[in-house]
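Peer 1: Next come the chains, spelled out residue by residue.
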Amino acid sequence: MSIDLSRREFIQLGAATAGALAVGQLLPPMVVQAAQEAGMLNTSGDGTIPSMCEMCVWRCGLLAKVRDGRVVKLDGNPDHPHSRGHLCVRGQSGLFNTYDPDRVLHPLIRVGRRGEGRFRRVSWDEALDYTAERMLEIKQTYGPEAMVFSSTHNLSQVQFENLLYAYGSPNYGTQRSLCFNAMIVANLMTYGIEEPERIYDDQLQYIILTGRNLMEAVSTSETGDLSAAIARGAHVVYLDPRFTKTAAKATEWLPIKPGTDLAFHLALLNVIIGEDLYDHAFVTSYTVGFEQLAQEVAAYTPEWAAAITEIDADRIRRIAREFAAAAPHALAHNGWRTSNFINSFQTQRAITILNALIGNWNVTLRAGGGEASGALGTIPQPAYPRSSAQRLDHVPSRFPVVPLKLGVFQELRDSILSGEPYQAHGWFIARQNPVMSLPDRARTLQAFEKMDFIVTVDILVNDTAWFSDVILPEASYLERYDPLNVVGDRAYLRQPVIEPQGEARSALWIYKQLGERLGLGDYFQYTDEQDYINQQLAPLGVSLEDIRSQGYVDLPPSEAGGFEWNTPSGRIELFSDTLARVGFSGVPVWEPPPEPPQGEFYLLTGKVAQSTQFGTQNNQMLHKYADEPRLWLNEGVAADRGLVDGDWVEVSSEVGVGHIRLLVTPAIRPDCVYLTPGFGHLSRGLTTAFGLGASDSALHVTYTDPVSGSQALSQTFVTVRKV
Amino acid sequence: MTMLRKIRHELNTMPKFVYITAALTVFGLSIALYRMFVGLGATTNLSKEFPWGIWISFDLATVALSGGAFTLAALVYVFQFEDLHPATRPTVLAGLLGYSSVMVILLFDLGRWDRFYNVFLHPNVSSALLEVSWCITAYTLILVYELSPVLLQNSRLKCLLPIIKKYTVPIVIAGVTLSTMHQSSLGTMFIIMSPRLHPLWSSMLLPVFFLISSFASGISLVVAGSSVSHWLFGRSLKIKTMAKLSWFIPWILAFYLVIKFGELVIAGEWDLLFSSGNYSLLFWAEIIFGVLIPIGMFAFRQVRFSRTASLIGALFIMGGTVLNRFDVTWFSIASVNGEVYTPHWMEIAILVGVAAGVVTVYSLIARYFPVYEETEPHQLPVEVRPFENSHAAGD
Amino acid sequence: MTHQPNNPRYGFLIDASYCIDCRSCMVACSVENNVPMDSTRIWIKETGITGTYPDLKRFTAPFHCMHCKDPSCVSACTVSALTRNDDGIVSYNQDICIGCRYCVYACPFGVPNYQWDEPLPLVIKCDMCFARLGEGQQPACAATCPTGAIQFGRYEDMLAEAHRKINERPDKYVQHIYGEEENGGTATLYISPVPFEELGFPIAGTTSPAYSNRLVTEGTPMVAGAMLVGLTGVYLTIKHLREEAECDRVEAAKEKAAQSAGEEQ
Ligand SMILES: Nc1nc2c(c(=O)[nH]1)N[C@H]1C(S)=C(S)[C@@H](COP(=O)(O)OP(=O)(O)OC[C@H]3O[C@@H](n4cnc5c(=O)[nH]c(N)nc54)[C@H](O)[C@@H]3O)O[C@H]1N2
Ligand SMILES: Nc1nc2c(c(=O)[nH]1)N[C@H]1C(S)=C(S)[C@@H](COP(=O)(O)OP(=O)(O)OC[C@H]3O[C@@H](n4cnc5c(=O)[nH]c(N)nc54)[C@H](O)[C@@H]3O)O[C@H]1N2
Ligand code: SF4
Ligand code: SF4
Ligand code: SF4
Ligand code: SF4
Ligand code: SF4
Ligand SMILES: [Mo]
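Protein chains in written order, with my numbering: chain C, 1 to 723; chain Y, 1 to 395; chain L, 1 to 265.
Incorrect hints may appear among the rest.
Said to hold, decoys possible - A partial selection of chain Y residues facing chain L, derived with a Cβ cut-off under 8 Å:
(1) 39
(2) 40
(3) 41
(4) 191
(5) 204
(6) 338
(7) 342
(8) 344
Calculated directly from the structure, the hints in this document are not laboratory data.
Just so you know, these numbers come straight off a predicted model, no measurement behind them.
Where is the CB? At the ideal position from N, CA and C, for every residue including glycine.
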């Protein structure tokens, strides 16, 4: 009865798709029918269907080439600003996720011990009834707050949030505190905007990238923009302890000492203010707190910073002058995964302020369209029950300036362990792999052990699903509808390009089904996915059928180019009263990060172009073209320690160990090692990825930035020895 | 019953080495079979950088040596040195077996052996390899034809002999032409690979070099062959006849020497002779052992009239030619991104197997068919034939 | 006899200064053309990391079939599995190939790949996404490249663009367009900030060996004809001379006999 997940199969694209067709036929071919009516597929089922990539959160537009019910190729959609006709290597490999032989295509209920990987295939009804039953049980016995929900950014997340708020739990964990809290909170404190949009126009002359590895941590359009800017001769300063592929393209690579970016940027501010290089007009009319700022940074001279950052003073001074000279056609990039050190928030503040001082607003930075748009219709629903219980991640109590929707995931995990202020008993996880993405994997697994019930919604048996009690199979992004996605002044459509394989279903369907079984049907007033989208489109006077073949609908243009900000003062806040009032410094101040003891190294993480987070290492096409995961070690250091390239080494931190092969290279600071992230999986249900590489999550120690709640992923120190 | 005893008797009287060669053959061929199932990757060290290996080298060397067959045929039938006639049968047989072995190896070498026939269905006329494959096939058939008398002589099909004899000359002429073609085309094959070939060997004249060296080594094979069979089977060419044959050798080699160096001088690659390290060594090895020494030896009457000396001289020449073919097909090929080729043991096993097969078959045929009919058992008194001295060349 | 190769209709312009080694082109190619998992039609050449910390450099460039004007592979191919069409696209017909691997050796750029681990292997080689061109699409690799390192268009335009780029930025690019002359000119053109040898590009001559090859191979039939005639001639002459010599001797003998007879009377 129980099924063995750890089997090994190879996709022969033809074969796999043929198989897919077979299962597809179990259902009425609704996808094909709809596509044919919209004139996208001919009678023999061939044609091209526009949709959206979901291999990462950038969501490029794609054109799916379909041949009799099988998707055979994905191309970038020229009509989408994120793809402009291109797809990155992960987007190109997308159909190998959808056709992965390891796809979970039927609801599963655990039969063995947790982590044993023995599951029973069940019907949707059984799976949903069982899940609802357990969730209600927890709600009745411990209250709704005892049920934890967590999910990583995705288009149906609105309905996920709808489900958890309707259920009445305040405990919501997202990837954000592991990713960009520092950046988002800094932007909110400075601009009152989560993330201003970056403008790469023809005049952009000077770019400072603080560990934004755009050439490997790819966002197709922005990677292209940077590439074009470099081709036009823009000056690119790139700060990174590693010589990445971005460093290779940059005008100058600064192998800065980890965690000292704050000092570097403070020194830039020092020079720009000290030498009176800032945009007076802009500063006086659009900012507040210049005096406090000037006072604070006066001490942060390039000479001071040089000693800390290991970048010489003249260079810092030169860069400051060049940056100011290029103003306003200069951009200090905020970065994205800014979860590096407990001072990362201050670093981010310094960067946002640097931009403000040269007055590049509406030139290289502007208020982005954002994802929610008033123009779209919303689905009617009753008000949510008020939850009196405080959140387990101590937002806002301990993290007053962290928005609820961001949260502090690692704190949530630790409260589950401590059982303080109350014990959680259930965990609902969707499109997320916290076992791998949270620091200190051992602790996360202990937290799992505290749970009476864990349910995971995924397309694969990822490491989290492996330890879950129920696995609900979602249809892949090529097999389902999602709510519309607003980019700029357009709403883009994700629509299925093939029938869902097996019994996989969209998240919209799953959440509605659960909602109804939880007695929360009123919160899910849509008959199906298509009805959902039609309700969104209603105010625009168009229907799903009208936009199918184009793949998007234009929205009434939002007026851009304004000079007001959602801060208390309505201006750009160089000094933030909000921060000051809750006991943090109102202007960025130097906070020295911890340094590794003798003989230990900073453990760095950083994306590789050929995989996304922890979710694509099982993709056979990406596996074919990706490099073997390795531990980078500086060649000089390796020589001193008698280590050679390819040696197997043991990396250990205070919380974990890993075994991995060494990459001896000049491309990293002597005091750092770098470990390819995303590998070292625990799930044997990932038959391609299992056994590859080591997990940095197992090594990472949990450190949290007190202001933004951001996890400090570069602050773990490790020893390396030959095995 | 009697049949059985006959067979047992045969087996007992069979020379022992035949058992060994037979065993090797079986072993080699079973490995070849394995290769057919698992592909070339697991069984050879061939790679994108070196898609051809020792098999091709073997093929080219063998074909060059088998050149004896057409050289001799030309001399006997076209230029009508009748008293060389006795040598043709053993030589033709050797040639036939040589070519067959090449064909067998090629079959193992071809990735899509299952479609070899496309060589005839979809020819590409500008491909040297096409010419080679066509000529070799056609020529092998002709060798069969030339040899057929030996096989038919004591059979019911005797009656065919007159007809076969009737058409021998035109067939031989065709055969000689075909051989000339493919002996040279084998050289042509490497013109298009000039980017990979070391300049010491790479040349527009490769076809000519190959042709001429195949003359020399061909004759050498006849000489050596009859010397060997003289000891092995007690039957062989008359020493006089051999001498007459080997008289050509110095002339051919001298000509080879002239154009080979002439080409280097004209191409202005003279300096490479000394400046290319191991390549220079290989080149000189070819020239000194394969050309200069033999010229020196065969210039002497005493050598030409001594079976032992001739054998040694012949071996030098054959060695030189073989080395030359290995140089062109393997040693002189520039390595790409550090890749070098050394054959996988299975490649060699298959090779040995096929070679052993050839020896086995040769011995068996020589044992059961009148291969050495016209050659004289050396214990018998010399029987004199007309014209003996009328145009005995050389002395 | 030896045909004059026309300029290709389409061409690539690949700029090594853009390439970030993301391998999107490789995946796009493999998916579009259903390339077997054990092989690839396009790969990345690289300088590796050069220099000493912290002054490091690294350059990469995608490499696929050059689509030579006078392709060595096409001349070499034993059968007609490899052909160059009027648009200058060099493509491979897997139903004809006999697996001799002559093309693999003959290609001066080391382009054709071979399925070494298949019992019945095939050659793997870029065909310029012939099928996509038919549907009015760019080749998969060029279409998807996020940095625009791979440009595709009319050959003349690509060549002009290449010249424009290296002329405008002599400080940035080496003054050489790889493929303009190489192997007699190719449809794939490269420009680079570093010498092409450093990228591991083969140093190819400016004329295709295919030409010299054809000079010989396409001449062979005539040589053969000549030989047939020649040899027959030789045979007949010698035969004739021999017979004459024979007759003379017989005549002489007769005369002798006659004389001696006369003296007796
Ligand atoms: N291919 C691919 N692209 C992706 C993703 C993916 O998984 N794969 N994920 C997407 C997501 S969710 C995110 S958040 C972004 C992340 O993209 P990025 O913001 O570029 O973040 P990372 O790639 O994680 O890390 C970037 C660099 O930070 C360096 N670094 C580490 N510590 C420090 C430090 O103290 N100072 C400085 N200056 N540098 C440091 C690392 O060496 C690394 O090279 O990428 C997005 N794009
Ligand atoms: N050690 C370490 N930790 C890190 C990072 C790091 O670089 N190193 N990076 C940090 C960053 S920047 C981030 S953003 C987080 C990301 O942390 P997570 O979001 O937890 O990790 P992901 O791998 O993105 O999880 C995505 C999951 O969704 C599944 N999935 C894919 N498509 C679908 C779908 O269509 N439907 C459903 N239901 N599931 C789907 C995948 O199988 C995968 O299991 O990790 C953070 N943590
Ligand atoms: S960046 Fe790549 S993975 Fe992310 S959405 Fe675009 S194509 Fe897909
Ligand atoms: S897609 Fe473009 S940038 Fe990426 S590797 Fe290929 S050529 Fe280079
Ligand atoms: S590059 Fe090689 S494979 Fe491509 S056409 Fe030229 S010779 Fe043929
Ligand atoms: S391997 Fe195939 S394609 Fe290549 S030369 Fe031989 S037959 Fe032609
Ligand atoms: S042109 Fe087409 S076949 Fe050739 S490499 Fe690019 S994608 Fe592959
Ligand atoms: Mo992230």
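Peer 1: Determine for every hint whether it applies to the structure shown.
Peer 2: Hints, one by one, checked against the model:
no., hint, verdict
1, 39, "holds, 5 Å"
2, 40, "holds, 5 Å"
3, 41, "holds, 3 Å"
4, 191, "holds, 5 Å"
5, 204, "holds, 6 Å"
6, 338, "violated, 11 Å"
7, 342, "violated, 16 Å"
8, 344, "violated, 12 Å"
When held up to the earlier numbered hints, the structure conflicts with 6, 7, 8 and fits the remainder.
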